[in-house]
Amino acid sequence: MGTTDRDYQNKPGHLARRFQQIAVAVFQSEMDAIGCDITPVQYAALAAINTCPGLDQASLAKEIALDRTTITGVVDRLQSKGLIERSISKNDRRARALAVTAEGRSTLELVRPGVEAAQRLMTRGLSAQEANELLRLLRKAVDGANDLSRAPQRI
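The opening position of the sequence shown corresponds to residue 31 in the working numbering, with each subsequent residue numbered one higher.
Just to be clear, a hint being listed does not mean it is correct.
Unchecked claim - Simulated restraints, written as ranges between beta carbons of each label pair:
no.	residue 1	residue 2	range
1	Ala161	Leu140	22 to 28 Å
2	His44	Ala88	30 to 36 Å
3	His44	Asp122	21 to 27 Å
4	Arg166	Glu139	27 to 33 Å
5	Lys41	Thr100	22 to 28 Å
6	Thr131	Thr69	14 to 20 Å
7	Asp122	Val172	15 to 21 Å
8	Ala129	Tyr38	20 to 26 Å
9	Tyr38	Ser136	27 to 33 Å
10	Leu45	Ala132	39 to 45 Å
11	Ser157	Ala88	38 to 44 Å
12	Gln51	Gln159	23 to 29 Å
Stated by the list, open to error - Derived lysine-lysine pairs resembling DSS-like cross-links, with alpha carbons at most 25 Å apart:
no.	residue 1	residue 2
13	Lys111	Lys92
14	Lys41	Lys120
15	Lys170	Lys92
16	Lys92	Lys120
No lab work stands behind these hints, which were simulated from the structure alone. Glycine included, each C-beta is placed from N, C-alpha and C at the ideal position.
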């Protein structure tokens, strides 16, 4: 039996794209509900900087798997919102160290319940065990193909 044009609906790439659409929509809906203007990528960057104060932009890009050009825009937007600040790195004067501001920490506290709610909503069709299995399989697939990305994660 050959493949049909509708087989795309059962391909990992299509399903990953659809799940990403759902994840972004749910995240944005949760952020809109609390009146917070932050995207999933901005949240990931802000959370990573909060976890590793003094992280430079290149390391942040590797941490959250973005290319250097994209991370510059993300960092610019976070800084313009007053959520982070940049300073000259003590280790490398060419690099910029990143730190979360008091407003950034307040924003993280504000959005944390919405982020958790979004995670639950995007897996609402799964049992807790299935959701954990999905995470395990996604992590395994991402780790196994990380080197194929234009911006591989390096942690």
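A quick look at each hint next to the structure:
1. For Ala161 paired with Leu140, a C-beta distance near 25 Å keeps the hint of 22 to 28 Å intact.
2. For the pair His44 and Ala88, the beta carbons lie near 33 Å from each other, so the given range of 30 to 36 Å is met.
3. The hint said 21 to 27 Å for the Cβ distance between His44 and Asp122, and at roughly 42 Å that hint is violated.
4. Between Arg166 and Glu139 the beta carbon distance is about 29 Å. The supplied range of 27 to 33 Å therefore holds.
5. A C-beta distance of roughly 26 Å is found between Lys41 and Thr100, which places it inside the suggested range of 22 to 28 Å.
6. The hinted range of 14 to 20 Å is satisfied by Thr131 and Thr69, whose Cβ atoms lie roughly 18 Å apart.
7. The hint said 15 to 21 Å for the Cβ distance between Asp122 and Val172, and at roughly 29 Å that hint is violated.
8. Checked against the hint of 20 to 26 Å, the pair Ala129 and Tyr38 fails, with Cβ atoms roughly 44 Å apart.
9. Between Tyr38 and Ser136 the C-beta distance comes to about 44 Å, which lies outside the given range of 27 to 33 Å.
10. As the Cβ distance of Leu45 to Ala132 is approximately 41 Å, the hint placing it in 39 to 45 Å holds.
11. Between Ser157 and Ala88 the C-beta distance comes to about 40 Å, which sits within the given range of 38 to 44 Å.
12. Evaluation of the 23 to 29 Å hint for Gln51 and Gln159 yields a pass: the beta carbon distance comes to about 25 Å.
13. The suggested pairing of Lys111 with Lys92 holds, with an alpha-carbon distance near 23 Å, which does not exceed 25 Å.
14. This hinted pair does not check out: Lys41 and Lys120 have alpha carbons roughly 47 Å apart, beyond 25 Å.
15. Simply put, Lys170 and Lys92 have alpha-carbon atoms about 18 Å apart, close enough for the 25 Å limit, and the pair holds.
16. Distance restraint check for Lys92 and Lys120: the Cα-Cα separation of roughly 20 Å lies within the 25 Å cut-off, and the hinted pair is therefore satisfied.
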